[in-house]
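Protein chains in written order, with the numbering used here: chain A, 245 to 373; chain B, 57 to 692.
Hint data in this document are derived by calculation from the structure and do not stem from the laboratory. Do not take every clue at face value.
[To be verified] Covered stretches of chain B, going by a simulated chain A footprint (3 or more residues, C-beta under 8 Å):
1. 64-75
2. 163-171
3. 360-370
4. 429-443
[Claimed, not checked] Derived DEER-like restraints, expressed as beta-carbon distance ranges:
5. A:T319 x B:A80: 21 to 27 Å
6. B:A190 x A:D279: 40 to 46 Å
7. A:E359 x B:T208: 50 to 56 Å
8. A:K362 x B:E524: 45 to 51 Å
9. A:E293 x B:I203: 30 to 36 Å
[Stated by the list, open to error] In silico lysine-lysine, DSSO-like type, Cα no more than 30 Å apart, as pairs:
10. A:K324 x B:K396
11. B:K109 x A:K316
12. A:K324 x B:K132
Here a beta-carbon is modelled for each residue, glycine too, at the ideal position from N, C-alpha and C.
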Amino acid sequence: MAETVGEGKEIARCLVEAVGDVPVNYIVPKDGLSDLADPCFTPSVELEEPFGSVDDSELKATSFCVNEEGSKKLTFRRPKNLTVLAEESGADLYDGLSPLARMSIDANDCQVSGEDIKEYKTGDVSKLR
Amino acid sequence: MDVQKLPLPAVYKLAREYRNHAHAVSKRIRTEPQLNQYYTLISMAIRVLQYVKQAYPLSIEQDARVTFDLVDLLLKETYDVDLAESYLCSLRERLLNHQICGSRSSVMNLKMHCELLLLCRVPIERNTKFHYKAALRSCEQLLKYLIELRDTDDSFQDWIQVFRYVGMSLNRKLGKHSIVRSQYAELSEVADNHVQWQGFVTLTHINYLLNNRLPVPLPDRQRLESIRVQDVHPRWYAWKLLLQLIIQIYEDRNITEKLMQFKAFFEEHKTSLDNTSDDCKVEVGKGLTLSLNSSFLLTYKDMKNLLLLLQSVSYLVNCHDKKANFSIKFLAKVISSTKKSLETPDIPNICSINDFDLKISWYAKVLSFSHFYQVWQNMLLLTETPSLLNQNISKTRHSELLIALSSHLNHEDELLVCQQYEELTTSSDTSNEMKLIALINSYLIRTTLVSRNVERQEQTKLCNILWEQIVKCWTDSDLRNSTTLNCTLTMVWIMSHFEPFTSNPMPAAESDKSQQLEKLRQYYLANKLSLGDEVPSNIQPAGDNVEESFTLKKGLMMQILLNYLGGRLFEQDLETICQISAKCYRLAKLQNFPIVLYVVGLWHLTNCTMAMKTKEATIMSAKLEALEKRLHADGV
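Looking at chain B on its own, in the form it has when it is part of the complex:
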């Protein structure tokens, strides 16, 4: 067969046909021979493109297009990154020569696309520090070159912005948080930024901050807030709302208002969130629009599912009544709909098998999170010791934490439990949040040992070391914005430094003491229990004009601790104190922690005796005696 009989456009069309056909059938692949067929199609597409490059005289535009198609296939479907890179480098060379010959502007876009592939796609596929650093150096050189060009031609300003963004993305990959922060500030302070570009830069930046659990500064929040639905595609607006919701969840705040915004937004725009809508463009400036490629996009259905998962997380500690807690219902729903999605994923009709695979991995992550939170929910609401059996939790740190928690709940040897917690904190890839949870638990166990005079000196020393680590985790991350954590740390500090909460208070400066007491007072005043007769399933704070920044979620254990401490430290009136201790006791009965119940009961007994409530005191002491017997029987 004489190949030259086929004209160039026909051969190129053949390559396209192979690729498009492969991407159209990727959804239907079930068996190994079908997978082979898929890759045979891809392989044909690659070969035909390679053939075009060898056998036909091509214009620079045609050469570039064929090379880009080829590189895209190599990067997406194969591991042959080196080959892709060598194609790009030689194209860059040709483009450069062409540029010298004249017709600069027509080739500029090709050149820039070539650079974007070399600086964004190729290093991501390699994903090593070495390659990110090398790309960063090339990016800086390119920027220098562009800045020189700008001096003669203003139109390069937009490209400078784009490659500043690229450089920032590379620094993100390298974990250079402080450089990223200042580069983001520079990027977003450009006065005439296009509203879409500004939106894009802000959204990706906030997502990056949250992924790394870094605090989101106020100006960044304001920029996020300023993204308007009329300026960006609805999918981006949904992205904005999601990020704002996640900020609130990370900070343990009330999410009701944000959910209402979602509801209103969906009513208007849910049809724009399907797989066909063409939203992946961003206008950088008047003359420059970029396309944005993502391996997967969330559809309306995916987003609803994700929202349900996020709500479950937020509601977990909001309500201690297992009949009224939404998370139980929601998590089960997320699990069942995610399982369905795993069978029939929501993906575009034309899609590479590897993008398809990434979408499936997204569903798998959602499923793994749901299982994890179900375990947590059972621990919280049903006092069930976490069991990893039959649990599909893929994150190693999550499983390790659950193992430590279950040893703790099973009252295994204290030092062993501490060791389990502390092992978690020494791995370099454990996040600050995971570390902090482990450290707080370990600290409390060691303070218990100090209070019981077990290896007191040694344990005090260890406690101090742990506390330093706690403070570091807390200040280094966005955790410092969580009221739950802030209040918990204050309570933990007070419990370990003041009598009668510990028998052996640890030494501290008076100024520290008064500072911590003041903070606790504010949390107590903003969240103390109302003293009605009933113990409602939702604990209502008593104060009317409560400072919002001190409002806490209604975690049962947290409420008991806060009101116990506050009642003992800040209340004067015996009758009030008696009411608080009665309420704390009733709350403590709701969770199956007998020793906590016992200690709270002792306090109430003391109060009743002092207030000369003889009848109540008699009842209390009978209850506590029974509890003592039970505890002895359990061998505690």
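Okay, chain A solo, but in the shape it has when bound:
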């Protein structure tokens, strides 16, 4: 092969020169396949239910206000992979809530808005999950 530009090229005769001409294509990278099998379990303790049962008649209260002045504003996680459309339409997801739960949302004036839902942050160690 050419040692300087412009000279007529010479074809390799040694095996190594032929092999170096192309990548070793049969070594297939396989990193990361095992990550796909990893459920990343975290252990926790099964606990007993410490609250008694509720008589449904007790839930007939019309609304319930927990609005505390000065309670900390929370930052919610915005899903990274899920596509969420900006449009206004869409089914009402409150359908199916009990009257108490439904009315308490209104009574508490605590609608979460888009600016409280932020993108993922990650730490300095690459995340396994």
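Keeping the supplied structure of chain A fixed, place chain B upon it in accordance with the hints.
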């Protein structure tokens, strides 16, 4: 409205309702206002729980339960980790006081759960070295405390095991591989380990080793093998089979038998692998069962899809006939079914939007892998230069490697190509495997320069440096168990140190030379081509009693190189040599690497001439002349 009218259980139930309702509708979220509704529900759940803590007198058990629910929501749905941690710390304080007052055993579980949240969940959410280290220190203190307690009460032994495991998990996160290794050995050498606990510890450990491409030692493999389907939930057994399969794939071994095991297992247990089955418990000891939380679980459908992807990877180099290679069909199938799953993911009916999101990210990873292997497959079977256009490959290192490979295949300036490869190897987050592939390619290019006498001294020096790095990558990782890599390294070494494979052999000690030759001989004997007339699409090794540890996959290029080298180095009989070179030439024609074909053809021509096969020699020289013309025309 007088809030006190609602009794405590009703308020708690209201909090639950908000959370459960949110988790039940998470699947249906499509629009921004719906996402706001979801988080309004979550926010209500949190507020009601906070309210319960403020407004009601609670027993310690109730206090703990409300705090745990609150913390779970904060960790899963918000970024307010500090708030979650402060709730836990103050609860821990109260639990401790309570403990001093008496009733120790009833509060113990609450306390331990509190510790698990502080030591496992909180640091993972923060995910910084600093927080892992801090958690590790707390974990060690807790262990000391538990060991003191054990001296008076045996029942603490199980908790000690649990927190030893937690400490090991924290070391995993910190990348302290050798500490993890010894801690795992300690954990699994406890004589009366419960079979489920032992299984859990082993499965997570092997998964960790594989994720980090660390070798899986024999005792660990045996422990994995000893997990029996009757002792653990089917999903765990499937996990075991998956890990064993991945070990075989990482080592480039034959996976047929493992696939049969999967088939038999699925026939019996596939219904246990759906989203409803309750399998996430592990018995640590007689008196202690833990639940295991995972953000996502693989269902039968997911597992079938993953299996298909794994098979494609294994089959890629098994067969060079593009019509008969399974990977082509399989990868296309994985892509289409994963795309479908992305539209309708297989997730439980009750699930946080963030778990849902993680499952989607799993599908996205599978899809990205499939695209990557499709590019590789086209390069391997169709000699297509990798193109990153329209490719959905999310891993940066994967894309960088493909860019370097395509420069190489496009015959861009050698030094530039080497530079691309070597840049990959200098980043600290490049894995050993990726490094090794880049290093081997770069080494071969530089050895070519040495052989052609281009900057010979300089390039020889660089080759030696590269070789040291190659050996390091290889010995530091599980790559040393791959026969493909082992044989390749031997061939590469021999090509660069022996004439006539290079014009300028690099210097080496005689002992190294004979050692490498001996290794090559073993690979050659175990894999040499059978000398029948046909070139079958699947290359059959000739030997009957072949040592299994030297059996190779049927990568076309590897077979050509091995038989070329073996034929020249170890064969004496001219007729045999002639047959081998004829076969190598025919194999080389199957892939579009003209220079490799040319060099192999030259060898065959020489053999024909020596064996006085005049007719064949004439044909060969005509073919080679034509090839020369073609190469000149291509400007090579």
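Cross-check of the supplied hints:
1. 64-75: The restraint on the segment 64-75 of chain B holds, since 9 of its residues have a Cβ under 8 Å from chain A and three suffice.
2. 163-171: holds (count 4)
3. 360-370: Since three or more residues must qualify, the claim that chain A covers the segment 360-370 of chain B holds, with 4 doing so at under 8 Å.
4. 429-443: As far as the segment 429-443 of chain B goes, the hint holds, because 4 residues have Cβ atoms under 8 Å from chain A.
5. A:T319 x B:A80: 21 to 27 Å: At 24 Å between Cβs, range holds.
6. B:A190 x A:D279: 40 to 46 Å: 26 Å Cβ-Cβ, so the 40 to 46 Å window is violated.
7. A:E359 x B:T208: 50 to 56 Å: 55 Å, holds
8. A:K362 x B:E524: 45 to 51 Å: 46 Å, holds
9. A:E293 x B:I203: 30 to 36 Å: With Cβ atoms ~32 Å apart, the hint holds.
10. A:K324 x B:K396: OK: A:K324 and B:K396 at ~19 Å, within 30 Å.
11. B:K109 x A:K316: Holds, because 15 Å separates the two Cα atoms, which is no more than 30 Å.
12. A:K324 x B:K132: 14 Å, holds
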